[in-house]
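Asker: What follows is each chain in one-letter form.
2 protein chains.
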Amino acid sequence: MKKESSYQSLVTTFQRLSRFSHLSSIASWDMFTMMPAGGSAARGEALAELSVLQHQILTDKKVAEWLRNAESEDLNDVEQANLREMTRHYQQAALLPESLVEAKSLAGSKCEHAWRTQRPANDWQGFSANLKEVVKLSREEARLRAEAKGCTPYDALLDIFEPDMTSARLDGLFGDLKSWLPDLLAQVVEKQAQQSFVPPQGPFPTAIQRELGLEAMKTLGFDFNAGRLDVSAHPFCGGVPEDVRITTRYDEEELLSALFGVIHETGHARYEQNLPRNWLGQPVALARSTAVHESQSLFFEMQLGRSNAFLTHLLPAVQERFGSQAAFTPENFIAWNQRVKPGYIRVDADEVSYPAHVVLRYEIERALINGEIEVDDIPALWDEKMQAWLGLSTKDNYRNGCMQDIHWTDGGFGYFPSYTLGAMYAAQLFSAAKTALPGLDAAIAQGDFSALFDWLRQNIWQHGSRFTTAQLIEQATGEDLNSRYFRDHLTARYL
Amino acid sequence: MKKESSYQSLVTTFQRLSRFSHLSSIASWDMFTMMPAGGSAARGEALAELSVLQHQILTDKKVAEWLRNAESEDLNDVEQANLREMTRHYQQAALLPESLVEAKSLAGSKCEHAWRTQRPANDWQGFSANLKEVVKLSREEARLRAEAKGCTPYDALLDIFEPDMTSARLDGLFGDLKSWLPDLLAQVVEKQAQQSFVPPQGPFPTAIQRELGLEAMKTLGFDFNAGRLDVSAHPFCGGVPEDVRITTRYDEEELLSALFGVIHETGHARYEQNLPRNWLGQPVALARSTAVHESQSLFFEMQLGRSNAFLTHLLPAVQERFGSQAAFTPENFIAWNQRVKPGYIRVDADEVSYPAHVVLRYEIERALINGEIEVDDIPALWDEKMQAWLGLSTKDNYRNGCMQDIHWTDGGFGYFPSYTLGAMYAAQLFSAAKTALPGLDAAIAQGDFSALFDWLRQNIWQHGSRFTTAQLIEQATGEDLNSRYFRDHLTARYL
Ligand SMILES: [Zn+2]
Ligand SMILES: [Zn+2]
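Protein chains in written order, with the working numbering: chain E, 27 to 521; chain G, 27 to 521.
Be aware that one or more of the hints could be misleading.
What the hints assert, rightly or not - Simulated pairs of lysine-lysine, BS3-like, Cα-Cα distance not exceeding 27 Å:
1) G:K88 <-> E:K87
2) G:K88 <-> E:K88
3) G:K88 <-> G:K175
4) G:K87 <-> E:K88
5) E:K175 <-> E:K88
6) G:K158 <-> G:K175
7) G:K136 <-> G:K158
8) G:K217 <-> G:K204
9) G:K411 <-> G:K421
10) E:K88 <-> E:K29
11) G:K162 <-> G:K421
12) G:K87 <-> E:K87
Claimed, not checked - Sample of chain G residues at the chain E side, in silico, Cβ under 8 Å:
13) F46
14) L49
15) P62
16) G65
17) D269
18) I399
Note that these hints are calculated values from the structure, not bench results. Treat the numbers as computed from the prediction; the structure is a model and nothing was measured. Cβ atoms here follow ideal geometry from the backbone N, Cα and C, with glycine treated the same way.
Bound-form chain E, shown alone (with noise of 0.2 Å):
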């Protein structure tokens, strides 16, 4: 019998932890979905044991014997792209002694749990408590892993979203950002208060929103075969890539919310659905990244979904579900989802708003677990950079300022910079498929989405993980991320 190679070993292995991450996220997805209050605490500990069980198993220590030597085995450039993600998830498992990653989920539990009440009591003093348990718990993290990387913490921890960004290259596309989005900003903002927008009147009860949205998702190319819209109380995709599912939130007086948070979680769903058949299972027939995610879900909802091209296909939809209003015609559609109003929650942002929320965190993250702030330092921190950048003071008002998100919580540092890199490669992406696909926009208004899907399957989407985030990109676009194409993007839509 022929000894089966170290590589093989590791396919297997991986294939057995995929198998048992599928019943997390089934499990997750009901939990955040299905699941009545009293099933919390079981669940909690089911899913605990089965990460314990997923840490043991790709830990191992023949998991590192098989990697070491699979090294200098005969692969083909699929498997040695596996098994560079392979040892990547080895290594960002097994860098840290068990013990932390115990105090840090316990840590981020508590924070986590506490501030579901301190955010509404606007209670900094409980909520800062916990957070610089959790932040001291991070910077070990962050230290034990830019050790073994020979980088800076915080680097440390971008790396876990997006691999090999640095924040010398972020600092270059945000310093970017920082030298045009305030002006752009400030005319698009003067523009639209020169234009009357006529808001459209509810109520819009859920059940036709509901259809509304499934028949979006079905025009959009979502496979029902393979997925779900459900509800959930915050939006997510989740599920595994034969089986996604998605979610939203039904508000009866708001008429674009839902749709366009279904139109966004069916990019994050048709990026899934389309994975790598062959490979699934493995590593490297995972997403690529946080920001190429995120770039695939604003693809949808920003860059094709507020377009004036979809817009126009999309309003006989609407009107048809809720009658003709003022507010239903052509202009005014189009206008209103395209209203820009600086405020100061992050998820109600519109795109021109959206990244000064998100490089005020990155700053403020980075500092915080490189040591040259501290977590009191945050409040005022984040008030000057409001002002500075929306002209809106945080003062006092902790609740919708630095205490509106979760991922601080729990200890996720490093993945916020993902949501404005989306952002830049999904602009990036949909002007190399405009250049490269004749006649989209009229395409796109008569709902005929065909093409550019081809395109993102062929560029983005069957490639998994085989390629770093930078060879994605410049095979489907010709060039590194450029920040330009977003500028170009919002001055040509907003301007």
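Starting from the known structure of chain E, fit chain G with the ligands onto it as the hints suggest.
Answerer: Then chain G with the ligands, alone, in the frame of chain E:
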């Protein structure tokens, strides 16, 4: 540091197994209620991977050692019962070589999968070829279990579902049934032939049926903070004690099948929701047996649900939702819900003819597993027994004869007796409750079930698997299982 006792090590291990069971239960529930078809293959693989893991943990040789050592440790009553149940679970899993488990699982999946199309096609030829393989492997399983237990092969399978039950005992119980039930059934049919029934007129919209079902669940004490009602092709009660998931299916032409399905599953659910909280996660906290579980659902559906008192209480809720109809006089509503109509299909049977379906299956599967008959003998035997019991011929009608159930397709021999054991336990329990609770009928007619449910909680639910079934029933009713109560119940209700 004090060395952990073997018993304590077992507790930790079974706790862990229970957390994995939690995930398996929820993922299975999802599979039958939520999952789109495209997710099926990946889900199957994920569940199989988990089941391999659970089998490995349970049959680890350390477990055997702990079980041996714990025998001589100082344990209180509950711990001793828990150890007895742990040992039973271990032996059930460890007795079979893995090759047999795998072969049986493969043959079962193959047979079941093909059966889904073979049954509608009435294809006995195709089905029996697969069934022969399943029977061969089930016989092998029964032989190994019987050797270890020192009993007949069939009894060894019976013991999995109803511990300590034997076919000698069943022959006594079912023999008694055979001595009076055919006559009783004939008398009831003759009596009802004199009555005229007014059938309720549909359609009965699904949404309103669902409301009525939820209302019934509420009335019957279902805890919605720890469970849900959904839809599936075959109704079941799943999930975990902290989060019980029941299902039903709706037919808009049928007023009562969904509702009584819900009432049935609510009986299962309340048992699960009221298992002993402080032992949850341990085998001693599990429901006693398949038959005791069924006794609870039949207690709700048949003893309580189809009683004159309950139907009287239910009627206004039906009228409120579906208007007034000729069918909704108290007399007709009760008569309609107590119709007796012998037919081919077990799952559609009323409670008077149901035992015929069970006893004939019991006699056939026992002879099959003990090697007294072969698969090819089944159709003729089925026909003969159906003729004898219900006067119906199933000649060449495999679809509505021996191919109607899923149980045998994957080797679930030994399960069928649970249904009629459950009906008999339910009758005996209800009779004891009536004796213990004066004025019960009046309370039921007024929708006050609190005393009845307290009685069930104290006598059945809270004990989990602490006692053997015989002990449990004797403590609750003052005697061991006695089919007299079932006879008295049927006589009182139907003659
Ligand atoms: Zn997103
Ligand atoms: Zn049942």
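Asker: All hints are to be evaluated individually against the structure, with a verdict given for each.
Answerer: Hint-by-hint comparison with the structure:
no. : hint              : in the structure
1   : G:K88 <-> E:K87   : holds (22 Å)
2   : G:K88 <-> E:K88   : holds (23 Å)
3   : G:K88 <-> G:K175  : holds (22 Å)
4   : G:K87 <-> E:K88   : holds (22 Å)
5   : E:K175 <-> E:K88  : holds (22 Å)
6   : G:K158 <-> G:K175 : holds (25 Å)
7   : G:K136 <-> G:K158 : holds (12 Å)
8   : G:K217 <-> G:K204 : holds (20 Å)
9   : G:K411 <-> G:K421 : holds (11 Å)
10  : E:K88 <-> E:K29   : holds (15 Å)
11  : G:K162 <-> G:K421 : holds (25 Å)
12  : G:K87 <-> E:K87   : holds (23 Å)
13  : F46               : holds (7 Å)
14  : L49               : holds (5 Å)
15  : P62               : holds (5 Å)
16  : G65               : holds (3 Å)
17  : D269              : holds (3 Å)
18  : I399              : violated (41 Å)
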